[in-house]
Amino acid sequence: MTADNEKKGASRRAFLKGAVAAGGAVAGAGMARAAGPDPLITEVQEWASGLGEGVDATPYGMPIRFEGDVIRRNVEWLTADTISSINFTPIHALDGTITPQGCAFERHHSGAIELKKDDYRLMINGLVDKPLVFTYEDLERFPRENHVYFCECAANTGMEWAGAQLNGAQFTHGMIHNMEYSGVSLRTLLTEAGLEAAGDLSDKWVYVEGADASSNGRSIPMDKALDDVLIAFKANGEALRKEHGYPVRLVVPGWEGNMWIKWLRRIEVTNQAVESREETSKYTDTLADGTSRKWTWVMDAKSVVTSPSPQSPIKHGPGPLVITGLAWSGHGAITRVDVSTDGGKNWQQARLAAEGQSKALSRFYLEIEWDGKEMLLQSRAHDETGYVQPTKNALRDVRGENSIYHNNCIQTWWVKENGEAENVEVS
Amino acid sequence: MSKSLKLYGLSGVGAAALLTAAYNFADRNVAPMPTEMPIVSADAGSPDMMFIAAARADEAAEAKRLGIGREALPEEVAAWDLDVSPDGTGLPEGSGSVMDGEMLFVDNCAICHGDFAEGVDNWPKLAGGDDTLADKDPVKTVGSYWPYLSTAWDYVHRSMPFGAAQTMSVDDTYAIVAYILYSNYLVDEDFVLTNENFLEVEMPNADGFIVDDRAETEYPRFSEEACMENCKDSVEITMRAAVLDVTPEEEGKAEPEEAMEEANADTAADEETEQTAEAEPEEAAAEEAALDMALVEDGEKVFRQCKACHQVGDGAKNRVGPQLNDVIGRHMAAVGDFRYSKTLQSMGEEGLVWNAETMAEFLSDPRGYVKGTKMSFNGLRKDEDIAAVTEYLKSFSQ
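Chains as they are written, first to last, in full-length UniProt numbering: chain A, 1 to 427; chain B, 1 to 398.
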């Protein structure tokens with residue numbers, strides 16, 4: 001370990017201690033009732049006397065400044081530069097299931113480009129009856145649908161294959177977001193171009209690519225293309241953000257995020273997979289014997305406790321504690337989540353905040369009376385197919401440690417007596 | 001510390017009759033439209049009602065064409081339909097030699113991938129790695145891993161060089177791919193790659209891939225009833241993230257409000273830049289003038305686009321690009337141990353100096369101002385961004 005890293009480590013540990021100390025102080029203030037009346041109550045505060053901002057102060061609002069640490073974060077050493085890289089959603093600090101666009105993770109291969117609606121063109125060509133070009137306005141004239149789906153990068157948790165590495169749910173599980181999309185089904189557009197020319201559809205593919213320099217092309221089998229793929233232009237009610245593909249992106253429910261082509265510019269019906277760079281040299285999963293799986297599109301069932309977690313320590317001491325987290329499956333709806341506080345020896349069923357929705361995030365809660373002793377917190381997702389989220393060892397038994405992608409193992413947080421938590425692996 | 005865990009460059013078709021798909025779709029549609037369009041009480045013979053009836057029938061069986069959009073012209077399809085498949089579909093006529101490829105590679109690719117395709121820093125290695133795929137740290141290159149040559153050709157042609165995609169001609173692409181093959185010892189130095197012999201090149205890992213088999217190898221095993229009690233005898237911690245200690249610093253924490261204030265300030269700052277844009281070039285031109293700290297601050301943000309390749313400040317070193325301390329005011333191509341393009345080298349020898357004007361000319365059109373520059377960056381479009389980043393660099397040039 002270099003001196004530089006030692007320094008970093010030291011200051012980070014200092015930060016964690018600071019967080020817990022501050023938490024302690026908060027708890028202290030909360031319990032200070034006996035020491036005297038709370039001046040926040042007994043004294044007239046400035047905000048209760050003066051005036052706040054007018055309605056013209058913020059035409060489009062950002063979160064209040066006190067929430068300034070709920071932001072996307074980057075892991076610098078992961079990639080050669082930030083233009084072809086990824087950042088992480090602060091899932092440790094969010095609740096509910098919908099991810100605000102402004103803090104939803106980004107992954108670019110040639111940077112986030114600016115493409116205005118007027119300059120937007122979408123082409124459908126290949127084995128279609130009539131190759132077509134659409135403008136953005138054209139797309140808004142087709143019948144529209146609304147759906148909530150999660151988008152998870154295939155590499156989410158990919159840094160954890162060989163051991164516990166990154167200390168925070170944001171970094172281990174933050175390559176995910178969950179939004180409500182409005183758009184047109186890909187099926188509708190393919191029908192508009194006509195699929196008679198393609199003949200038997202069972203062995204046909206749809207190749208999709210973006211308008212950015214990377215083009216990030218992917219091949220999608222026709223049965224998926226005609227099933228639930230969306231051409232989306234709104235997310236959570238408003239236009240897509242630049243970093244998520246404004247003005248139009250592809251939504252491929254339940255399948256790896258790399259296929260959700262941003263700045264979508266072309267859809268080609270083909271009779272074979274193109275085997276582009278993103279589906280051969282990347283997004284293929286190497287097994288222990290050196291052979292690699294390709295076309296591993298579906299994201300298997302997965303869950304993680306988002307709080308308490310390393311970036312969200314327990315600050316209130318023993319007593320009632322809310323354990324919460326997220327669960328999802330690319331095969332359908334989450335039906336159940338179990339939580340263990342002893343590293344997987346014993347489990348209890350958590351409460352789903354709402355009935356699981358297909359290919360969308362579920363929020364779970366487990367309310368416990370924390371005795372102040374250390375815990376090894378885990379969560380385990382079940383989906384509608386009967387699949388149960390496996391342990392990391394169970395996954396490694398099948399795949400080895402070099403798969404990079406599709407690590408959906410059970411995560412363990414070691415919560416210590418002082419409320420701090422750390423990413424660990426257990427036997 | 002093991003950084004071997006890091007990701008390098010993050011990196012069943014069933015019959016689906018349209019009718020079935022339509023049924024599924026209707027079944028699943030959260031906001032079924034226009035299937036459940038309100039039936040207004042109106043004359044069933046009116047054009048409106050006929051339209052609604054037609055739309056509903058479409059949705060139930062198969063939607064008919066709405067006549068939206070226009071036919072794509074052959075020239076348009078030709079301009080965008082560039083993908084190349086493993087069987088050679090889409091491959092244009094042309095050729096390129098290893099010899100030509102070497103020169104093109106050194107000029108266009110080596111800055112990130114190294115002269116011998118061995119990779120610089122964290123940038124992808126394109127050569128080597130034979131027989132490492134079952135090792136602890138597999139080295140995945142075009143030679144050791146990529147199953148199809150078409151992928152390399154397609155990617156070089158459409159998406160490389162980084163920052164100047166779609167600038168390689170068809171023949172140049174053949175040549176660069178030939179050189180990549182040569183650097184992997186897959187062809188001889190006198191080899192010429194053409195559309196004719198393209199499919200004859202054997203890729204070593206062509207048989208190294210299987211189609212996703214999780215349904216057979218994993219799903220049965222991971223679908224057994226879950227244990228709820230006394231599932232194991234003991235639990236030991238076997239690995240801790242704090243020991244590895246590679247988690248990024250929590251910079252925002254000391255002053256948690258800082259990041260958001262900065263974010264909030266962004267919009268305001270942009271507007272400000274817009275308003276003062278006209279005044280700025282003049283200001284930047286006055287070399288001896290005191291630094292405009294607001295502009296320096298804006299420039300720091302603009303410099304994020306440069307950071308991938310350039311360092312500046314204490315301890316700055318050459319990376320993909322030269323370090324930029326004292327760049328304003330010095331001769332071009334003046335960092336001794338950096339290998340500049342020939343053009344920039346001779347511009348420096350002619351006595352050209354980096355100042356607000358030359359920097360603006362360069363940054364607005366890097367390849368136009370310095371023909372053959374190694375900088376792959378496309379340049380800055382906004383004058384105010386150029387002024388800001390120049391001011392920022394000036395702050396390291398005192």
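It should be emphasised that the hints constitute simulated quantities derived from the structure, not laboratory data.
Warning: the hint list may mix true and false statements.
Said to hold, decoys possible - Calculated pairs, EDC-like style, for lysine to aspartate or glutamate (alpha carbon to alpha carbon, straight line, at most 20 Å):
#1 LYS382(B) / ASP56(A)
#2 LYS294(A) / ASP87(B)
#3 LYS294(A) / GLU216(B)
As the list claims (entries may be wrong) - Take a look, some chain B residues computed to stay more than 12 Å from chain A by CB distance:
#4 ALA79
#5 ASP365
#6 GLY372
#7 ASN378
As the list claims (entries may be wrong) - Pairwise CB distance ranges (calculated):
#8 ASP95(A) / GLY329(B): 36 to 42 Å
#9 ASP200(A) / ASP131(B): 22 to 28 Å
#10 GLU355(A) / VAL211(B): 19 to 25 Å
#11 ASP233(B) / ILE64(A): 21 to 27 Å
#12 GLU229(B) / SER427(A): 16 to 22 Å
#13 ALA354(A) / ASP213(B): 47 to 53 Å
#14 LYS116(A) / PHE338(B): 35 to 41 Å
The structure displayed is predicted, hence computed values, not measured ones.
Built from N, CA and C at the ideal position, the CB exists for glycine as well.
A quick look at each hint next to the structure:
Proximity of LYS382(B) to ASP56(A) is assessed by CA-CA distance (about 29 Å); at most 20 Å being required, the pair is judged violated. Straight-line distance between C-alpha atoms of LYS294(A) and ASP87(B) comes to about 18 Å, which keeps the hinted pair within the 20 Å bound. Taken as a hint, the LYS294(A) and GLU216(B) pair is honoured in the structure, with Cα atoms around 15 Å apart against an allowance of 20 Å. Under the 12 Å C-beta cut-off, the non-interface status given to ALA79(B) relative to chain A is violated; the minimum distance is some 9 Å.
With a least CB separation of 17 Å from chain A, ASP365(B) remains clear of the 12 Å interface cut-off, as annotated. For GLY372(B), the requirement that its beta carbon stay farther than 12 Å from each beta carbon of chain A is met, with the minimum near 20 Å. Chain A draws ASN378(B) into its interface by the beta-carbon criterion, the shortest separation being 9 Å against a cut-off of 12 Å. Between ASP95(A) and GLY329(B), the C-beta spacing of about 53 Å breaks the proposed range 36 to 42 Å.
Here the CB-CB span from ASP200(A) to ASP131(B) is close to 41 Å, at odds with the stated 22 to 28 Å. Judged by the Cβ atoms, the range 19 to 25 Å given for GLU355(A) and VAL211(B) is violated: they are separated by roughly 34 Å. Between ASP233(B) and ILE64(A) the CB atoms are about 49 Å apart, so this pair departs from the stated range of 21 to 27 Å. For the hinted restraint 16 to 22 Å between GLU229(B) and SER427(A), the CB-CB distance of approximately 18 Å keeps it satisfied.
Remark: the range hint 47 to 53 Å for ALA354(A) to ASP213(B) is contradicted by a beta-carbon distance near 34 Å. Between LYS116(A) and PHE338(B) the Cβ separation comes to about 38 Å, which falls inside the hinted range of 35 to 41 Å.
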